[in-house]
Amino acid sequence: MLSGLLYTTLTLVLGSQLVAADVLYELDNAKGTVYYDLTNKLCGDLAAGDPFTPDWAETSGINNGIPFCEGQGTATLADIGSNSIVAMNGNMVTANPAEWCGKEVEIFDSNGEQIFIPDGPFFIWDACAACSSASIIDLSALAFTTIKGGTCAGNNPEGLTVKVLDKNIMNWTGMGSAGSDSDSGESAASGSASVSSSPASSAASVAPAPASSAAFSVAPIDNNIYNAIPTSSAESVPSSSSSSSGPSRISYAAQPSPSASSNTETCTFGLWQCNSGTLQVCNYETLEAPEWVTITECPNKCEITDSGSIDCQ
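What the sequence shown shows, in mature numbering (1 follows the signal peptide of the UniProt record, and there is no 0), is residues -21 to -1, 1 to 292, in sequence order.
FYI, nobody ran anything at the bench for these hints, they're computed from the structure.
Don't be surprised by glycine CBs; every beta carbon is placed ideally from N, CA and C.
Careful: at least some of the hints might be erroneous.
List of simulated lysine to any residue pairs, SDA-like, C-alpha gap at most 20 Å [unchecked claim]:
1) 20 <-> 132
2) 20 <-> 1
3) 127 <-> 24
4) 127 <-> 99
5) 127 <-> 91
6) 127 <-> 87
7) 142 <-> 114
8) 142 <-> 1
9) 127 <-> 25
10) 127 <-> 96
11) 20 <-> 87
12) 127 <-> 93
13) 146 <-> 89
14) 142 <-> 34
15) 142 <-> 78
16) 146 <-> 38
17) 142 <-> 94
Ranges of calculated distance between the beta carbons of each label pair, as one might list FRET restraints [stated by the list, open to error]:
18) 154 <-> 89: 18 to 24 Å
19) 93 <-> 268: 35 to 41 Å
20) 18 <-> 93: 18 to 24 Å
21) 92 <-> 24: 42 to 48 Å
22) 93 <-> 279: 39 to 45 Å
23) 27 <-> 3: 37 to 43 Å
24) 280 <-> 33: 35 to 41 Å
All chains, please: the whole structure from these sequences, using the hints.
Following this line, the structure appears as structure tokens:
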């Protein structure tokens, strides 16, 4: 009888070990930011204290940006159709997309409660430059408001714990999300739209055309003043992250349609420009009007190509 119980106990323990995925990377005391909204109805009520104008994710073009992990694929955030996509440390993700793209992510609020949304498990499918120099995870508006208890107004949620698991929700092949199966054989998002086979003209970024708020992340902060989180943030990245030097070329996430490579462009929310060797995005520093915000210096090259790619070297 005792041996039978022992066998059962060992079986249960071993079984649980087979099911549980190892934690590859853990981010403690993280801050959540928001950069896209596939529901197109969240975070856009200024009267309620939200950071954006109505339909912001559509009018800015961010929903039609191509996430970094699409590689040579052309599927936009809207094509993939999952609010579970998150963007994380750009240095880490761009340095080794095969290791990080598609990995499942668990998010816990400041009380230790795990966050769930109807779209299924969170997974990395984008790279975020601002997340390389601060403890930040960039999210969909649905995930962001879920963490905040149903509202987008007020401060960014802080004190989050983020765990990247050794389990693929989407397999990275460098050829995009079309036909990519997860470890379990299921699609990344149960209700996702079919992947478009044609390129999205509004996508912007370097080679794989990433999609996150890498620099674009406009998120609510104290005193109802909203701005992009600069990559020069004083917050440190955990030592477990990859080398801070990152790739020689900076890859930004699914960005809205960029502006021409000049500083004469009218500042319209979501547009990008190269002002000499400075990469800038038109963003809300206050609620009054958008203005050009410096994202980073590109000492060797700053160019926005005719195809809508941002090349910052």
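Hint-by-hint comparison with the structure:
| no. | hint | in the structure |
| --- | --- | --- |
| 1 | 20 <-> 132 | holds (14 Å) |
| 2 | 20 <-> 1 | violated (36 Å) |
| 3 | 127 <-> 24 | holds (16 Å) |
| 4 | 127 <-> 99 | holds (18 Å) |
| 5 | 127 <-> 91 | holds (14 Å) |
| 6 | 127 <-> 87 | holds (12 Å) |
| 7 | 142 <-> 114 | holds (12 Å) |
| 8 | 142 <-> 1 | holds (10 Å) |
| 9 | 127 <-> 25 | holds (17 Å) |
| 10 | 127 <-> 96 | holds (13 Å) |
| 11 | 20 <-> 87 | violated (24 Å) |
| 12 | 127 <-> 93 | holds (13 Å) |
| 13 | 146 <-> 89 | violated (24 Å) |
| 14 | 142 <-> 34 | violated (31 Å) |
| 15 | 142 <-> 78 | holds (15 Å) |
| 16 | 146 <-> 38 | violated (35 Å) |
| 17 | 142 <-> 94 | holds (12 Å) |
| 18 | 154 <-> 89: 18 to 24 Å | violated (39 Å) |
| 19 | 93 <-> 268: 35 to 41 Å | holds (39 Å) |
| 20 | 18 <-> 93: 18 to 24 Å | holds (21 Å) |
| 21 | 92 <-> 24: 42 to 48 Å | violated (26 Å) |
| 22 | 93 <-> 279: 39 to 45 Å | holds (43 Å) |
| 23 | 27 <-> 3: 37 to 43 Å | holds (38 Å) |
| 24 | 280 <-> 33: 35 to 41 Å | holds (37 Å) |
Hints 2, 11, 13, 14, 16, 18, 21 from the earlier list are contradicted by this structure; the remaining hints agree with it.
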